[in-house]
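Chemist: As given, the protein sequences belong to chains A and B, one line each in that order.
Reading the first sequence from the start, the letters are residues 655 to 767 in this note's numbering.
Reading the second sequence from the start, the letters are residues 12 to 121 in this note's numbering.
Be careful, since some hints might not be right.
Stated by the list, open to error - Just the calculated beta-carbon pair ranges, DEER-fashion: (1) B/Ser79 / A/Asn727: 14 to 24 Å; (2) A/Gly694 / B/Leu91: 23 to 33 Å; (3) A/Lys749 / B/Lys13: 26 to 36 Å; (4) A/Ala736 / B/Arg70: 37 to 47 Å; (5) A/Val666 / B/Lys53: 14 to 24 Å; (6) B/Leu91 / A/Lys724: 21 to 31 Å; (7) B/Pro25 / A/Gly707: 45 to 55 Å; (8) A/Lys725 / B/Arg87: 24 to 34 Å.
Source of the hints: derived by calculation from the structure; they are not laboratory data.
Model, not experiment: these values are computed from the prediction.
The beta-carbon is built from N, C-alpha and C at its ideal position, and this holds for glycine as well.
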Amino acid sequence: NAGVTQTPKFRVLKTGQSMTLLCAQDMNHEYMYWYRQDPGMGLRLIHYSVGEGTTAKGEVPDGYNVSRLKKQNFLLGLESAAPSQTSVYFCASRKDRTNSPLHFGNGTRLTVT
Amino acid sequence: RKEVEQDPGPFNVPEGATVAFNCTYSNSASQSFFWYRQDCRKEPKLLMSVYSSGNEDGRFTAQLNRASQYISLLIRDSKLSDSATYLCVVIIYNFNKFYFGSGTKLNVKP
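Same shape as in the complex, but just chain A (with noise of 0.2 Å):
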């Protein structure tokens, strides 16, 4: 098992431009999050799912937008990025709604200049 797999690993861009990031999930995971992690901040949620075709906000959600189309996969777009948004995103997925753990991916490094 990959467990949870997020692309890319590391992603340059300038002002205005948009991106997607990916994660993956093999686990068959109801839930599904973004998170961004900066230095001095902890972990922050930005979006998360709960199921296929289902998103909701967190507590950092202006700026990125979210769709679980399928089960497997959550993206997270930017799509003016600012040089706020640099940072590291971690994907996490979750079995369901009870008290199973959170399984990150390794991360998305994003700069924006």
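Given chain A, work out where chain B should sit, using these hints.
Modeler: Okay, now just chain B, sitting in the frame of chain A:
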């Protein structure tokens, strides 16, 4: 007040030492608890769940104190490879909310 608080450290200990971290949480409805380990520039990885009766996994022991609203992680016989940041995670799953501590940094020295 933050939902989950951890001492950021760093905790600098020699190899072979025993070290303990605490994590306090503010919401008494918190129902699931985990410790994660995060190495520099890497993703958080699940270290262990924390059960009400306490649990052990090799050199690692986790405890939950609901009365005082904290969880703890004890590491015995520290290894150089234990150097990392340890995150506590609290879930209030009635509301499907996760709360992450900001992490405690551990440095194990030769």
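Chemist: All hints, please: hold or fail.
Modeler: Status of the hints after comparison with the structure:
1. Between B/Ser79 and A/Asn727 the C-beta distance comes to about 42 Å, which lies outside the given range of 14 to 24 Å.
2. Between A/Gly694 and B/Leu91, the C-beta spacing of about 26 Å keeps the proposed range 23 to 33 Å intact.
3. Under the hint 26 to 36 Å, the C-beta atoms of A/Lys749 and B/Lys13, about 27 Å apart, fit the expected range.
4. At about 44 Å, the CB distance of A/Ala736 to B/Arg70 agrees with the hint of 37 to 47 Å.
5. Roughly 20 Å separates the CB atoms of A/Val666 and B/Lys53, a value that falls within the hinted 14 to 24 Å.
6. Separation of B/Leu91 from A/Lys724 is about 42 Å and departs from the stated range, judged on CB atoms against 21 to 31 Å.
7. Between B/Pro25 and A/Gly707 the beta carbon distance is about 53 Å. The supplied range of 45 to 55 Å therefore holds.
8. The supplied range of 24 to 34 Å is broken by A/Lys725 and B/Arg87, whose beta-carbon atoms lie about 41 Å from each other.
Violated hints for the displayed structure, listed by number in ascending order: 1, 6 and 8.
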